[in-house]
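Protein chains in written order, with my numbering: chain R, 29 to 160; chain Z, 42 to 298.
The set of hints was computed from the structure by calculation and includes no laboratory data. A portion of the hints provided could be inaccurate.
[Unchecked claim] Derived contacts from chain R toward chain Z, CB cut-off under 10 Å, selection only:
#, residue
1, 93
2, 97
3, 98
[Unchecked claim] With a Cα cut of at most 30 Å, we get these calculated BS3-like pairs of lysine-lysine:
#, chain 1, residue 1, chain 2, residue 2
4, Z, 231, Z, 175
5, R, 87, Z, 175
6, R, 81, Z, 175
7, R, 87, R, 158
[What the hints assert, rightly or not] Here are the computed distance ranges between Cβ atoms for each label pair:
#, chain 1, residue 1, chain 2, residue 2, range
8, R, 115, Z, 240, 34 to 40 Å
9, R, 81, Z, 246, 39 to 45 Å
10, Z, 289, R, 110, 23 to 29 Å
11, R, 130, Z, 71, 32 to 38 Å
12, R, 116, Z, 73, 21 to 27 Å
13, Z, 262, R, 81, 38 to 44 Å
14, Z, 259, R, 97, 25 to 31 Å
15, R, 88, Z, 201, 29 to 35 Å
The beta-carbon is built from N, C-alpha and C at its ideal position, and this holds for glycine as well.
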Amino acid sequence: MPASSRHAPPPVWRPDLRWNRVEIAPPPDSLIVPETMLTEAEFPLWEVFVRSKQGLDHKHCGSLHAADAQMALRMARDVYTRRMEGVSIWVVPSAAITASLAEEQSTDFDPMADKIYRHPTFYELPDEVKNM
Amino acid sequence: MPAPAFHVEYVLRLADSTLVLGQRLAEWCGHGPMLEEDIALTNVALDLVGQARLLLSHAALLENKGRDEDALAYFRDEPEFRNWTLLELPNGDGSHNDYAVTIARNLMFSALAVPLWEALAGSADQGLAQIAAKSVKESRAHLRHASEWTVRLGDGTQVSHDRMQSALDRLWPYANEWWDDDPVDVAVAKAGIGPMLGTLKPVWDRTMDAILAQATLARPAHTAFLSSGKLGRHSEHLGYLLAEMQSLARSDPGAQW
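Work out the full structure: start from the sequences and follow the hints.
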């Protein structure tokens, strides 16, 4: 399932029946956001990855809407690194991510539960090795 | 011992301009065109208020009258403010906010702020030089933000192009105030405290011409209009802005939170 399908399409304005009931006029056309604005096509979703300091991995920290990659980078800087969280940012179109299926979770991952011998737990890490 | 009056005036022009623009941009907080851009613009506003705090504290130190940053920000009246008029203008036509006007103003101001901070980083006034060295990085980000939106809007749809052009046409004459060097500018330049703004015009012109060309926007024609905010003679808009900004502090002077 592509990650973007998790997100509902932008809401379309529909007449609210309450207006009819209490005889309040619907909003003028100028206040109705046209469907062409901020659609997934014009402002698609991007996944944001931030490296908190040199030597560490980029970690997924959230998503945002932007018109293109350059704008997504700028937005990510303001949305996700304004409290000194990062030194580097990646942005990836959410639609480019292919995710494993939730319903196949048991098939995919449960068989690993009883294979403790695959865990490299018998090594001693030197103190100098951090972030392992 | 207080610094010479021209020195205080020069710092107040910078301080009040960043404060007033920060306040103007803060009006967009929660009303931006989209969530991400709302945060981006509010970050710009916060940067400017941060610059204003440092500059106002520095001005208070220079004038040596026992006032602090809050006294200067909240307890001076309109004619005592020294910001350039451009920064106090509304975010639109006064009745409707217009993002094109906001972006055009940020573009014009940050295109000035970057070379201004760069020059001030070498100021004979050590305190001012430190503030400039910190602020120039923020202003470079502001210039990038404003110029990228100028290109998107200018080279966007017919509607966005026309609105961006009309915003530029409306604001352009207010830049004249920068290039009209007065005795304050001359005195600070002589003392090595800061550049006369008129000397920054060629850099500003180059920056603006490059961005406007990319944005397919026309450079507005030069006019003889001259605003006078830096002398304390403001447009009708500053009073309302100050009323909103100062009312809380004045209703409970000395309050801490």
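Verification of the supplied hints:
{"no.": "1", "hint": "93", "verdict": "holds (6 Å)"}
{"no.": "2", "hint": "97", "verdict": "violated (12 Å)"}
{"no.": "3", "hint": "98", "verdict": "holds (7 Å)"}
{"no.": "4", "hint": "Z:231 to Z:175", "verdict": "holds (24 Å)"}
{"no.": "5", "hint": "R:87 to Z:175", "verdict": "holds (29 Å)"}
{"no.": "6", "hint": "R:81 to Z:175", "verdict": "holds (21 Å)"}
{"no.": "7", "hint": "R:87 to R:158", "verdict": "holds (17 Å)"}
{"no.": "8", "hint": "R:115 to Z:240: 34 to 40 Å", "verdict": "holds (36 Å)"}
{"no.": "9", "hint": "R:81 to Z:246: 39 to 45 Å", "verdict": "holds (40 Å)"}
{"no.": "10", "hint": "Z:289 to R:110: 23 to 29 Å", "verdict": "holds (25 Å)"}
{"no.": "11", "hint": "R:130 to Z:71: 32 to 38 Å", "verdict": "holds (36 Å)"}
{"no.": "12", "hint": "R:116 to Z:73: 21 to 27 Å", "verdict": "holds (26 Å)"}
{"no.": "13", "hint": "Z:262 to R:81: 38 to 44 Å", "verdict": "violated (51 Å)"}
{"no.": "14", "hint": "Z:259 to R:97: 25 to 31 Å", "verdict": "holds (29 Å)"}
{"no.": "15", "hint": "R:88 to Z:201: 29 to 35 Å", "verdict": "holds (33 Å)"}
When each numbered hint is compared with the structure, violations occur for hints 2, 13.
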